[in-house]
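Peer 1: Sequences are here, hints too, so could you generate the full structure?
Protein chains in written order, with the working numbering: chain H, 1 to 533; chain U, 1001 to 1379.
Worth flagging that the hints you see were computed from the coordinates, not collected in a lab. Predicted model, so just to flag it, every value in this text is computed and none were measured. Hints may be right or wrong, so weigh each one.
Derived EDC-like pairs (lysine to aspartate or glutamate); straight-line CA-CA distance at most 20 Å [stated by the list, open to error]:
| id | chain 1 | residue 1 | chain 2 | residue 2 |
| --- | --- | --- | --- | --- |
| 1 | H | K510 | U | E1059 |
| 2 | H | K363 | H | E141 |
| 3 | U | K1124 | H | D39 |
One-sided excerpt, in silico: chain H residues whose CB lies under 7 Å from chain U [said to hold, decoys possible]:
| id | residue |
| --- | --- |
| 4 | Q86 |
| 5 | V107 |
| 6 | T172 |
| 7 | P185 |
| 8 | E199 |
| 9 | V250 |
| 10 | R254 |
| 11 | L322 |
| 12 | L411 |
| 13 | N412 |
Cβ coordinates follow ideal geometry from the N, Cα and C atoms, glycine included.
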Amino acid sequence: MKRRKVDLKALPGATANAVDERFKVARPLRGILNKVFPDHWSFLLGEIALFSFIVLLLTGTFMALFFDPSMTEVKYDGSYTPLRGQEMSHAYASSLDLSFDVRGGLVVRQMHHWAALLFVAAIIVHMFRIFFTGAYRKPRETNWIIGLLLFWLAFLEGFAGYSLPDDALSGTGLRIATGIMLSIPVIGTWVTSSLFGGEFPGHVILDRLYIVHVFLIPLVLLALITIHITLVFIQKHTQWPGPGRTNSNVVGERFFPRYVMKQAGFFMLVFAVIAAMGGLFQINPIWLFGPYRAAVVSAGSQPDWYVMFLDGSTRLMPAWELTFSIAGHQYMIPGIFWPTVVLPGILTVLPMAWPFIEARKNKDKSIHNLAQRPRDVPQRTALGAMAVSFYIVLLISGGNDIIADKFHISLNAMTWAGRIGLLVIPPLAYYITHRIALGLQQHDREVLAHGVETGIIKRLPNGAFVEIHQPLAPVDDHGHPEELPYVNWTVPKKMNRLGALGPAIRGFFKPIEVPVKPQLPPAPEKEREKTSV
Amino acid sequence: MSTHETTEVPDGAKAVDPTDPNLTYREVLEEGLRRDEIEIVHYEPQFPVPGTKAEKRVERLVAFLLLLCGLAAIAFVVIYVSPLGQPEEYHFGSNNWDWFTPLLGFTLGLSLFGIGMAILVYGKKLLPHEIAVQQRHNDPSSPDDRALAAGTLGFIGSEFNIQRRPLIKGALGLGGLGLGAAAVVVPVGMLLKDPHKGDPGGHDPYMTTGWNPEAFNNGKPVRMVREDHTPVRPEDVSTGGQMTVFPDVPGGTTNEHADSPVLLIHLRDEDAQTLRDNLHKYPVNAMDGGSMWNNFVAYSKICTHAGCPASLYEQQTNRLLCPCHQSQFLITDNAKPIFGPAARRLPMLAIGVDDEGFLVARRDFDVSVGPAYWERPSK
Chain H
1 MKRRKVDLKA LPGATANAVD ERFKVARPLR GILNKVFPDH WSFLLGEIAL
51 FSFIVLLLTG TFMALFFDPS MTEVKYDGSY TPLRGQEMSH AYASSLDLSF
101 DVRGGLVVRQ MHHWAALLFV AAIIVHMFRI FFTGAYRKPR ETNWIIGLLL
151 FWLAFLEGFA GYSLPDDALS GTGLRIATGI MLSIPVIGTW VTSSLFGGEF
201 PGHVILDRLY IVHVFLIPLV LLALITIHIT LVFIQKHTQW PGPGRTNSNV
251 VGERFFPRYV MKQAGFFMLV FAVIAAMGGL FQINPIWLFG PYRAAVVSAG
301 SQPDWYVMFL DGSTRLMPAW ELTFSIAGHQ YMIPGIFWPT VVLPGILTVL
351 PMAWPFIEAR KNKDKSIHNL AQRPRDVPQR TALGAMAVSF YIVLLISGGN
401 DIIADKFHIS LNAMTWAGRI GLLVIPPLAY YITHRIALGL QQHDREVLAH
451 GVETGIIKRL PNGAFVEIHQ PLAPVDDHGH PEELPYVNWT VPKKMNRLGA
501 LGPAIRGFFK PIEVPVKPQL PPAPEKEREK TSV
Chain U
1001 MSTHETTEVP DGAKAVDPTD PNLTYREVLE EGLRRDEIEI VHYEPQFPVP
1051 GTKAEKRVER LVAFLLLLCG LAAIAFVVIY VSPLGQPEEY HFGSNNWDWF
1101 TPLLGFTLGL SLFGIGMAIL VYGKKLLPHE IAVQQRHNDP SSPDDRALAA
1151 GTLGFIGSEF NIQRRPLIKG ALGLGGLGLG AAAVVVPVGM LLKDPHKGDP
1201 GGHDPYMTTG WNPEAFNNGK PVRMVREDHT PVRPEDVSTG GQMTVFPDVP
1251 GGTTNEHADS PVLLIHLRDE DAQTLRDNLH KYPVNAMDGG SMWNNFVAYS
1301 KICTHAGCPA SLYEQQTNRL LCPCHQSQFL ITDNAKPIFG PAARRLPMLA
1351 IGVDDEGFLV ARRDFDVSVG PAYWERPSK
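Peer 2: Right, here's the structure in full:
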């Protein structure tokens, strides 16, 4: 019997042939390997969200093996002594077990919570980047809308997860959610009773939230994230303007190998930060809050940070309750309806429509692949600043009791400051941002026309002082620089940006390489002849 | 990925056959790039001269980071299996277990940091730096492609030819409507629950609390108990003090009766007098004037704004603060909301003392407790 020797050298080629005969992947593979991606730090914000989501899936799956959402009352007899013998729901008891009796469970639980906070934070910062650079314009409106949906899904997912451990804060949050649902006109009580299976809190809400939290929303999130990234792939990423960069090309690096390595390394770093935070920084210590009891709450009850802006809007809302009668029956719209149902509704619909509103306003139907510098679109930037400041006032108001306590300010004064601030600060932010954007634009034009300020002050024979400018463009016969056109990209404004100060020496403790000696540029041929004579 | 193969060769360039075995990898790569309309315009090895000191330094750094990753991971495993984790019992105060979770997080973070940085340094410092340019295709599909797709769809439509079959059209409409209704009814109908039914004796849950004698206590007034089910005598609450009490019914202290917790307040004489003088201002809470018992008064603890327990009682000013949204209620003015988003007073519970000297609720609240809703009766 003849034994065939395996030729190790031919193995990769043979495998590749076998795969291609079956799946015909050679061409798509080449396309992916060679695809060019533009590189800029601000393009990595969305990645942070994606990577946190992966960590959430990993840690969440682990936790689901130990958590039980049942609301049946049990007597706790785990290893955390201060709560022993207390009546609590099975959900809370299993959360305690996950923290104390599952080895390393607490690290995973805290990593999950930090990853969730980071997930929403990264989504929001990513959204800012997209907005302020106009990256949502045609052809990317769909992806902008998907992004907004992802934000609200992340918000709901986070809230559902926050409610699951059934500690005092979870229950308080759920109770407020009940108050919000009840306020919906006409169907409020029906919605609430149907979701809770009767009166608050009932016996089913945690089971329902559990399946929503571990299956329904993650499924939709996963699907939408897949579409989101696929669209970035198909439509190709936007890029900043710059030398050689046009609306119809992408300047960057091939996907493999360098770009992918940077992404993989970045993923590990995000993972590392979440792991370190999960171990080092305590988050949501449910054993200190105790089980949820309808009569118990503590001062400084705060939701997770991404819910705080709605908490803030609720706190700032004046006590306006609308009552009216229809056909002899009294009906009412509770005040909480406006800041918690109407406001989020506006915050969902308005940004979704924004790309179309802007395009219509500008009568703009063209394709945009170049990101815009915020200063070049002052109205949009100012509008964004207005929205951000509105959001920040609400966010701060969501923690106004803590601020009042820590800084010894009257609580009522904080509320009034928030109410007034909410009306006054956004328009102010609009005006100031608009002026700043115009000022920056003007300065860019000035440098392009006259050159970079050198910091060298010269005294003229008549006694006047002038600053010498280094022109960016060649000078004409009178020594005046030609005015350069603005190309929508950074204008160098400091001498070292021009290479005039020599490169910084590399190396931390001692120089790695011999530094380049600063030199004068070689003089043009004609002048050299003159001087040599 | 370009959607169409570009095999035509630009002027001056030689046609390249990628299967030619004499080609270098680089030449094959460039042919592939050309077909995908990509051009590497700048390609620069990080270390043009191989094996310099600087390159070795970077290599050592990557190796160190990988070792760090491994060592930290081993430390993680050692700590994980060490006796630091999982003591028999956890007590307040510091103990060795306090170090377990932070050390796990630190070592895991360090390990991941090591591998992450190793990959990054390798990619950024050792792989050649390049600038590549790829063409986008901003144009939509070609007119031909569009016409072909539209024509195909049109033909498929004509194959169905639904316009010519009005019977099917009508039946489809009706059938679809029916199926759609069923698709809505199944999930909604399964969840749907009449909010105003469900408490014992046909009482409306939104109008009934654990203090309702008919629904929960066979018609007898319900006693006030503490969380440990012990009944409350008036002398248990000192003057100026307050206490959270629950209805003495099955499950009365649990979340089963989440709308029942009540704050029992023993007012000082002058405050009680102020309250009595103010009671008539608000017909609902005024009741029959005898809803207080001596200087004792009981208000629902469930905030009329969003349902949090309004439980921070400021003894000196007789204000009750809800810590969720900072609504403040002035007890001596019949629990009037004086600040914050709450618009309605806290409902008062009519109290008395039974033959054995324990405090009881004489009847249920007269109004719906907690947050407002559309059809809430506002008497």
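Peer 1: Hint by hint, note whether the structure agrees.
Peer 2: Hint by hint, here is what the structure shows:
1. H/K510 with U/E1059: Holds, because 18 Å separates the two Cα atoms, which is no more than 20 Å.
2. H/K363 with H/E141: holds, 16 Å
3. U/K1124 with H/D39: holds, 12 Å
4. Q86: violated, 11 Å
5. V107: H/V107 check passes; min Cβ-Cβ to chain U is 5 Å, inside 7 Å.
6. T172: holds, 6 Å
7. P185: holds, 5 Å
8. E199: holds, 4 Å
9. V250: holds, 5 Å
10. R254: With a minimum Cβ separation of about 5 Å from chain U (threshold 7 Å), the hint on H/R254 holds.
11. L322: violated, 10 Å
12. L411: holds, 6 Å
13. N412: With Cβ-Cβ at 6 Å, under 7 Å, it holds.
Taken one by one, the earlier hints fail for this structure at numbers 4, 11, listed in ascending order.
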